[in-house]
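Enquirer: Single-letter residue listing:
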Amino acid sequence: GNSVTQMEGPVTLSEEAFLTINCTYTATGYPSLFWYVQYPGEGLQLLLKATKADDKGSNKGFEATYRKETTSFHLEKGSVQVSDSAVYFCALSGDNFNKFYFGSGTKLNVKP
Amino acid sequence: GAVVSQHPSWVICKSGTSVKIECRSLDFQATTMFWYRQFPKQSLMLMATSNEGSKATYEQGVEKDKFLINHASLTLSTLTVTSAHPEDSSFYICSARGLSSGRRDTQYFGPGTRLTVL
Numbered sequence: 014g015n016s017v018t019q020m021e022g023p024v025t026l027s028e029e030a031f032l033t034i035n036c037t038y039t040a041t042g043y044p045s046l047f048w049y050v051q052y053p054g055e056g057l058q059l060l061l062k063a064t065k066a067d068d069k070g071s072n073k074g075f076e077a078t079y080r081k082e083t084t085s086f087h088l089e090k091g092s093v094q095v096s097d098s099a100v101y102f103c104a105l106s107g108d109n110f111n112k113f114y115f116g117s118g119t120k121l122n123v124k125p
Numbered sequence: 009g010a011v012v013s014q015h016p017s018w019v020i021c022k023s024g025t026s027v028k029i030e031c032r033s034l035d036f037q038a039t040t041m042f043w044y045r046q047f048p049k050q051s052l053m054l055m056a057t058s059n060e061g062s063k064a065t066y067e068q069g070v071e072k073d074k075f076l077i078n079h080a081s082l083t084l085s086t087l088t089v090t091s092a093h094p095e096d097s098s099f100y101i102c103s104a105r106g107l108s109s110g111r112r113d114t115q116y117f118g119p120g121t122r123l124t125v126l
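First to last, the protein sequences are chains A and B.
Sequence positions in the first sequence follow our numbering and run 14 to 125.
Sequence positions in the second sequence follow our numbering and run 9 to 126.
These aren't lab readings, by the way, just hints derived from the structure by calculation.
Some hints could be false.
[Claimed, not checked] Distance condition first, Cα-Cα at most 25 Å in a straight line; then the derived PhoX-like pairs of lysine-lysine: (1) Lys112(A) / Lys72(B); (2) Lys74(B) / Lys120(A); (3) Lys22(B) / Lys63(B); (4) Lys62(A) / Lys49(B); (5) Lys28(B) / Lys63(B); (6) Lys112(A) / Lys28(B); (7) Lys112(A) / Lys81(A); (8) Lys90(A) / Lys69(A); (9) Lys112(A) / Lys74(B); (10) Lys22(B) / Lys124(A); (11) Lys90(A) / Lys124(A); (12) Lys63(B) / Lys112(A); (13) Lys90(A) / Lys73(A); (14) Lys62(A) / Lys112(A); (15) Lys65(A) / Lys81(A); (16) Lys112(A) / Lys65(A); (17) Lys90(A) / Lys49(B); (18) Lys81(A) / Lys62(A); (19) Lys62(A) / Lys90(A); (20) Lys112(A) / Lys49(B); (21) Lys81(A) / Lys69(A).
[What the hints assert, rightly or not] Listed next, the stretches of chain A that the computed footprint assigns to chain B, with coverage defined by at least 3 CB atoms under 8 Å from CB atoms of chain B: (22) 25-39; (23) 65-75.
[Claimed, not checked] Some chain A residues near chain B, calculated using beta-carbon distances under 8 Å: (24) Leu59; (25) Leu61; (26) Lys62; (27) Phe102; (28) Ser106.
Keep in mind it's a predicted model, so treat the numbers as computed, not measured.
We put the beta carbon where it would ideally sit given N, CA and C, even for glycine.
Kindly generate the complete structure, drawing on both the sequences and the hints.
Expert: Shown next as structure tokens:
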């Protein structure tokens, strides 16, 4: 079956630190992979996505590479800002895109 | 592009009343819309999937008579919480999947609706 596993949070970093949030998945077929970000009291915003193996999604300094051999899609950013504080969800689409499977979310706190 | 709106953004109602939440795709047509529920500090729980012009498909454990979903057009889906009770208080989020090839594999989320039942 399909599932997504994310590292548990919260993750607390100082401003300008390097960020990695781990995400691994199990899937049948060839899913697309996503990272969404949720700011307090808001819905989810698409951060980046990758649709096939070795694709790299990137946006706003964040990036993640679709690694089929390790079934991973780790989120990275070279230098985090206080404004990056939010909850990050890894997700995959399955069943002909009619169903999304979400990880449990990882809360990121960035301190000045 | 790919903006999804929800209305209202928050609502407070008395126990036993019904509440309707609207989800609209503003700049694209959505073949499929999804309704999720999110509890504090938790991930999203898919409640149902709706396709325009057909009945919604509910996830196991979700009461279809309590959470009525209507997907009347390619840009509008509504969720009605009937006879709401305090345990229905939650954050409800909708998402939409587009028609075009560039948007078919992605869900675009609304900002959510905070429901509080007194």
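Enquirer: Against the earlier hints, flag every one the structure doesn't satisfy and list their numbers going up.
Expert: The structure breaks hints 2, 3, 10, 22, 23, 25; every other hint is satisfied.
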